[in-house]
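With the hints as extra help, turn the sequences into a complete structure.
There are 2 protein chains.
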Amino acid sequence: MKRTIGIIGAGVGGLHLALYLQKHGVDAVIITDREPSDYRDSRLLNTVAHHHVTLAREHYLGIDQWSAAELHYTYHDHVFNFPEPLRFRGDFSRPSRAVDYRVYLPVLMEEFMRRGGKIECRRIEEDDIPALVDRFELLVVSTGKGGFGQLFPYRPDLTPYTQPQRRLCVGLYKGVRQNNPMNVTLSVSPGHGEMIVIPTLTFDGIATALLMENVPGGDLEDLATLDYAKNRAHFLDTLLAKLEKHHPTTFDRIDTARFDLAQEQDLLQGGVVPTVRNTTFEFPDGKCAIALGDVHSVVDPMMGQGANMASYAAFVLGEEIVASEVLDVRFCEKVDLKRQDRVLAASRWTNLMLAPPSPSLGALLGTMGQNKALADEFTENFNYPEVQWDRISTPRRIEAWIARASSERAQQPQAA
Amino acid sequence: MKRTIGIIGAGVGGLHLALYLQKHGVDAVIITDREPSDYRDSRLLNTVAHHHVTLAREHYLGIDQWSAAELHYTYHDHVFNFPEPLRFRGDFSRPSRAVDYRVYLPVLMEEFMRRGGKIECRRIEEDDIPALVDRFELLVVSTGKGGFGQLFPYRPDLTPYTQPQRRLCVGLYKGVRQNNPMNVTLSVSPGHGEMIVIPTLTFDGIATALLMENVPGGDLEDLATLDYAKNRAHFLDTLLAKLEKHHPTTFDRIDTARFDLAQEQDLLQGGVVPTVRNTTFEFPDGKCAIALGDVHSVVDPMMGQGANMASYAAFVLGEEIVASEVLDVRFCEKVDLKRQDRVLAASRWTNLMLAPPSPSLGALLGTMGQNKALADEFTENFNYPEVQWDRISTPRRIEAWIARASSERAQQPQAA
Numbered sequence: 001m002k003r004t005i006g007i008i009g010a011g012v013g014g015l016h017l018a019l020y021l022q023k024h025g026v027d028a029v030i031i032t033d034r035e036p037s038d039y040r041d042s043r044l045l046n047t048v049a050h051h052h053v054t055l056a057r058e059h060y061l062g063i064d065q066w067s068a069a070e071l072h073y074t075y076h077d078h079v080f081n082f083p084e085p086l087r088f089r090g091d092f093s094r095p096s097r098a099v100d101y102r103v104y105l106p107v108l109m110e111e112f113m114r115r116g117g118k119i120e121c122r123r124i125e126e127d128d129i130p131a132l133v134d135r136f137e138l139l140v141v142s143t144g145k146g147g148f149g150q151l152f153p154y155r156p157d158l159t160p161y162t163q164p165q166r167r168l169c170v171g172l173y174k175g176v177r178q179n180n181p182m183n184v185t186l187s188v189s190p191g192h193g194e195m196i197v198i199p200t201l202t203f204d205g206i207a208t209a210l211l212m213e214n215v216p217g218g219d220l221e222d223l224a225t226l227d228y229a230k231n232r233a234h235f236l237d238t239l240l241a242k243l244e245k246h247h248p249t250t251f252d253r254i255d256t257a258r259f260d261l262a263q264e265q266d267l268l269q270g271g272v273v274p275t276v277r278n279t280t281f282e283f284p285d286g287k288c289a290i291a292l293g294d295v296h297s298v299v300d301p302m303m304g305q306g307a308n309m310a311s312y313a314a315f316v317l318g319e320e321i322v323a324s325e326v327l328d329v330r331f332c333e334k335v336d337l338k339r340q341d342r343v344l345a346a347s348r349w350t351n352l353m354l355a356p357p358s359p360s361l362g363a364l365l366g367t368m369g370q371n372k373a374l375a376d377e378f379t380e381n382f383n384y385p386e387v388q389w390d391r392i393s394t395p396r397r398i399e400a401w402i403a404r405a406s407s408e409r410a411q412q413p414q415a416a
Numbered sequence: 001m002k003r004t005i006g007i008i009g010a011g012v013g014g015l016h017l018a019l020y021l022q023k024h025g026v027d028a029v030i031i032t033d034r035e036p037s038d039y040r041d042s043r044l045l046n047t048v049a050h051h052h053v054t055l056a057r058e059h060y061l062g063i064d065q066w067s068a069a070e071l072h073y074t075y076h077d078h079v080f081n082f083p084e085p086l087r088f089r090g091d092f093s094r095p096s097r098a099v100d101y102r103v104y105l106p107v108l109m110e111e112f113m114r115r116g117g118k119i120e121c122r123r124i125e126e127d128d129i130p131a132l133v134d135r136f137e138l139l140v141v142s143t144g145k146g147g148f149g150q151l152f153p154y155r156p157d158l159t160p161y162t163q164p165q166r167r168l169c170v171g172l173y174k175g176v177r178q179n180n181p182m183n184v185t186l187s188v189s190p191g192h193g194e195m196i197v198i199p200t201l202t203f204d205g206i207a208t209a210l211l212m213e214n215v216p217g218g219d220l221e222d223l224a225t226l227d228y229a230k231n232r233a234h235f236l237d238t239l240l241a242k243l244e245k246h247h248p249t250t251f252d253r254i255d256t257a258r259f260d261l262a263q264e265q266d267l268l269q270g271g272v273v274p275t276v277r278n279t280t281f282e283f284p285d286g287k288c289a290i291a292l293g294d295v296h297s298v299v300d301p302m303m304g305q306g307a308n309m310a311s312y313a314a315f316v317l318g319e320e321i322v323a324s325e326v327l328d329v330r331f332c333e334k335v336d337l338k339r340q341d342r343v344l345a346a347s348r349w350t351n352l353m354l355a356p357p358s359p360s361l362g363a364l365l366g367t368m369g370q371n372k373a374l375a376d377e378f379t380e381n382f383n384y385p386e387v388q389w390d391r392i393s394t395p396r397r398i399e400a401w402i403a404r405a406s407s408e409r410a411q412q413p414q415a416a
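From first to last, the protein sequence lines are chains A and B. Residue 1 is where the first sequence starts when you use our numbering, and the numbers rise one by one after that. Residue 1 is where the second sequence starts when you use our numbering, and the numbers rise one by one after that.
Derived from the structure by calculation, the hints contain no laboratory data. Each hint should be verified, as a subset may be incorrect.
Since the list gives no way to pick one copy over another, a pair counts as held whenever it fits inside one copy or between any two copies.
Using 20 Å as the maximum straight-line C-alpha spacing, the simulated SDA-like pairs for lysine to any residue come out as follows [unchecked claim]: (1) K2 / S324; (2) K338 / Y384; (3) K2 / I402; (4) K118 / Y39; (5) K338 / V387; (6) K118 / G6.
Here the structure is a predicted model, which means the values were calculated and not measured.
Printed below as a string of C-alpha cells:
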C-alpha cells in the first residue's frame with residue numbers, strides 16, 4: 001500500500017521528518033505558507049542552538065553544510081552577577097552549533113526538493129482540512145496556523161504558566177568578540193534576568209545572538225519594548241548601559257563602536273507562554289493528525305530546547321511511521337510513549353529554571369562552581385533533558401546528584 | 001546510602017522483584033500473611049502458564065527447578081465448536097510451562113530466604129502503613145489486602161467492564177490424557193464460553209487445568225456455582241455432559257472412569273472484574289508506594305496474561321530501582337512509562353477477546369485456520385501482548401495483518 005504523509009509546516013520538526021521519511025522511501029508532502037526565498041529578508045525568527053544529538057541527526061540526513069569545526073562552540077560559560085561573582089564553565093562531550101534559521105530552513109527545503117521531495121507553498125484554512133485528511137494517510141501538524149492548532153487542546157495540567165515568564169529582547173549583533181574556541185555564555189543578573197550569548201552563523205558569517213530573558217518588573221524589562229527602528233542610537237546606548245551593569249563579562253567583549261544589530265530586522269521582542277497540548281486528533285474515518293514540535297510543546301527559549309525537541313520528536317515519529325502498518329490512534333499513542341519523557345522533561349526543566357531558584361538549585365550552582373565534572377554533566381544534559389530532569393526535578397534529587405558528584409570527585413586522584 | 005525496599009505481598013510479582021533485587025545487592029523485605037507451609041493444603045489459587053519470556057526471567061533469577069523439557073508445552077490448539085468445526089494450531093518459538101502456584105510460590109519464598117532474604121509473615125492493617133513508610137525507601141504493593149488497595153484508585157477510563165464477563169469454573173483434574181508433546185487447548189463454544197486446557201505441574205505430577213470461561217446466560221454458566229463438595233458425582237456427571245457437548249475434542253481426551261479433581265480443594269469458581277488502577281501514591285514526605293501486578297491491573301485469566309505481566313513489571317521495576325538514586329514520584333513515572341504499554345495491552349487485548357468477536361476478528365481466526373505462520377505469530381504474541389495489540393486493536397489493523405501474512409505466504413515456496 002503506497003502511503004503519503006502530509007506535513008503541515010516547514011520548521012525544523014517538519015523538515016527533519018520530511019528528510020527522514022524521504023531517506024526511508026516514504027512519500028511526504030510539506031505544505032507551508034513560506035517559499036524558501038521568503039526567508040532572506042524576514043525578521044529574525046528565533047535564536048536556536050543545535051546540540052550534538054541534533055547535529056548527529058543532521059549528519060544522518062546528509063545535512064552537512066555547516067560541519068566546519070569553526071562554526072561550532074564547545075562549552076557553556078556560566079556567569080552570576082552576584083556582589084561576589086560566581087563563574088564556572090561546563091564542557092560538552094561534542095560541540096554544538098547555531099545557524100540562523102533564515103539560512104537553515106530554506107537550505108533544508110531546497111535540499112528536500114532537490115532529492116525529489118514536494119513542497120506546496122500555500123496558506124491552509126480550516127475549510128481545507130477535510131481534503132487534506134482525504135489525501136494523506138497521516139497529517140503531521142507542525143504549525144498552529146490555519147485552524148490546525150485547535151485540533152490539539154492545551155494541557156494546563158502539564159505546564160504551570162499562563163503568562164510569559166520573561167520579557168524577551170532577542171537580537172543578532174555585530175561587534176561582540178568571540179572567544180576561541182567559541183562558547184555560549186549563560187549570564188544571570190539575579191532578580192533581573194538571564195542572557196544567553198550564542199555565536200550564530202548568519203548571512204554574513206558569525207554574529208552574536210543576545211537572547212535576553214528579562215524578569216517582569218526588573219531593571220531589564222524595558223528592553224522588550226524599546227524601539228530600535230524609532231531611535232537606533234537610544235536603543236543601543238540603553239542596551240549597552242544595561243549590559244555593563246547586569247551582564248558585565250559580556251559587555252567586556254563588546255566593541256562599542258561597531259556594536260549594532262547585524263541587520264536592522266535582526267531583532268525580536270516579546271514573550272513566550274510555555275504550553276503543552278494534546279498530541280492526537282482522530283478524524284471520523286480513523287485517520288489521525290499528530291502534533292509535532294511547538295504544536296506539541298512550546299518552551300521558553302532559555303534552555304535552548306525547542307528546536308532540539310522538534311528534531312528529536314521528528315525522528316521518533318519518522319521511525320514509527322517507517323515501522324508501522326497502520327497510522328491510527330494506536331500509532332500516535334506509541335509515538336507519544338516514545339517521545340513524551342524527553343519532550344515533557346524539556347518543558348518541565350525550562351519551567352523550573354524560569355521560577356525563582358530553590359535553595360537546592362542554588363547549592364547545585366555553587367557546587368558546579370567548585371566541581372568541573374558536575375558542571376560538564378549539567379552542560380552535557382542539554383542534549384538529554386530527561387536526564388537533567390532526573391537530576392534536578394526535586395531538592396532530594398539535586399542533593400543526591402551533588403552527593404554523588406562530590407563523592408566521585410573525592411575518589412579521583414588530585415593533581416599534585 | 002543503604003536502602004531497603006518493602007514488598008507487600010508474595011505473589012509472582014513480589015517474589016520475582018525480591019529475587020531480582022537480591023541478585024543486584026539491593027535489600028528487600030517481603031511482608032505477606034502466608035507462610036510457605038500454608039500453601040500445601042490451600043484451595044487452588046489460580047491456573048497460570050508462564051510463557052517463555054517469563055521462563056527466561058526465572059532462568060535469570062536461578063529458578064530452574066522446573067526446567068525439564070517434559071514439564072513444558074509447545075503449542076496452542078484452537079478449536080471452535082461450530083457446526084463445521086474450525087481447528088488450527090499455533091506454535092511458540094520456545095515452550096511455555098504451568099506450575100501450580102501452591103508449589104511454585106513457596107519454593108520461591110524458600111529460595112529467597114535461603115539466599116539471605118527476609119520474609120515477615122504477618123497481616124498488615126491500615127494502621128501499620130505509616131511505620132512501613134518510615135522504614136522503607138519505597139513500598140511496592142502487590143496485594144490489595146490491608147488497606148493498601150485504596151491508595152490506588154481505579155481507572156475506569158482504561159477498562160470498560162464493571163462486572164465479570166465470564167462465570168469461571170476452574171479445576172485441576174486427573175484423567176485427562178496429555179498430547180505428546182504437551183499443548184494448551186483453547187476451545188470455544190460460541191455463545192457459551194471458552195475453555196483453556198493447561199497441562200499443569202501440581203503436587204503429584206502433571207494434572208490438567210480446565211479453565212472454563214462461561215458466558216453469563218449460556219449453557220455452561222451453571223458450572224460456576226455447581227457444588228462439588230455437596231454432590232461430587234452430580235458435579236462430575238454434569239461437567240462431563242457439558243464438555244461432551246461444548247468442548248468435544250477435550251472430552252475425547254478424558255478417561256471418564258478416572259476423571260476427577262486432582263484433590264478435593266482443586267476447584268475455584270467465581271468471576272473476575274478486569275481493572276486498572278493508578279500506580280503511584282506519594283506520602284507527605286515524598287516517599288512513594290507503587291502498585292505491582294494485580295494491584296496495577298487485573299485481567300480475566302482467558303489469555304493467560306496476569307502472572308506474566310506481574311513478572312514483567314517486576315523486572316522493569318527492579319531495573320529502575322537498581323538504576324535510580326531517588327525513589328520518588330519521578331521514579332514511579334519512569335517505571336510506568338516503561339511498563340505501561342505491555343501491561344495495558346494485556347488488559348486491552350484480554351478485554352477485546354471477552355467481547356463478542358467483530359467480523360474482522362472472525363476473519364482473522366478463519367485465516368489462521370489456513371495460514372500456519374499467522375497462527376504461530378498470534379501464539380508467539382502471548383509473550384508480547386503489546387505486539388498482539390498492535391495487530392488486533394482495530395479492524396484496520398487486523399485487515400493489515402491478514403494482508404501482510406497472506407502476501408508473505410504467497411511469496412514462500414510451496415511444497416511440491
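Each hint, compared with the structure:
Taking the shortest alpha-carbon separations for K2 and S324, only the intra-copy value of 13 Å comes in at or below 20 Å, while the best inter-copy value is 45 Å. Proximity of K338 to Y384 under the C-alpha cut-off of 20 Å is found in both arrangements, the shortest distances being 14 Å within a copy and 17 Å between copies. Proximity of K2 to I402 under the C-alpha cut-off of 20 Å is restricted to the inter-copy arrangement: shortest distance 17 Å between copies versus 53 Å within a copy. For a Cα distance limit of 20 Å, the shortest separation of K118 from Y39 inside one copy, 18 Å, qualifies, whereas the shortest one across copies, 68 Å, does not.
For a Cα distance limit of 20 Å, the shortest separation of K338 from V387 qualifies both inside one copy, at 15 Å, and across copies, at 15 Å. In this assembly of identical chains, the alpha carbons of K118 and G6 lie at most 20 Å apart only when taken from the same copy (10 Å versus 58 Å across copies).
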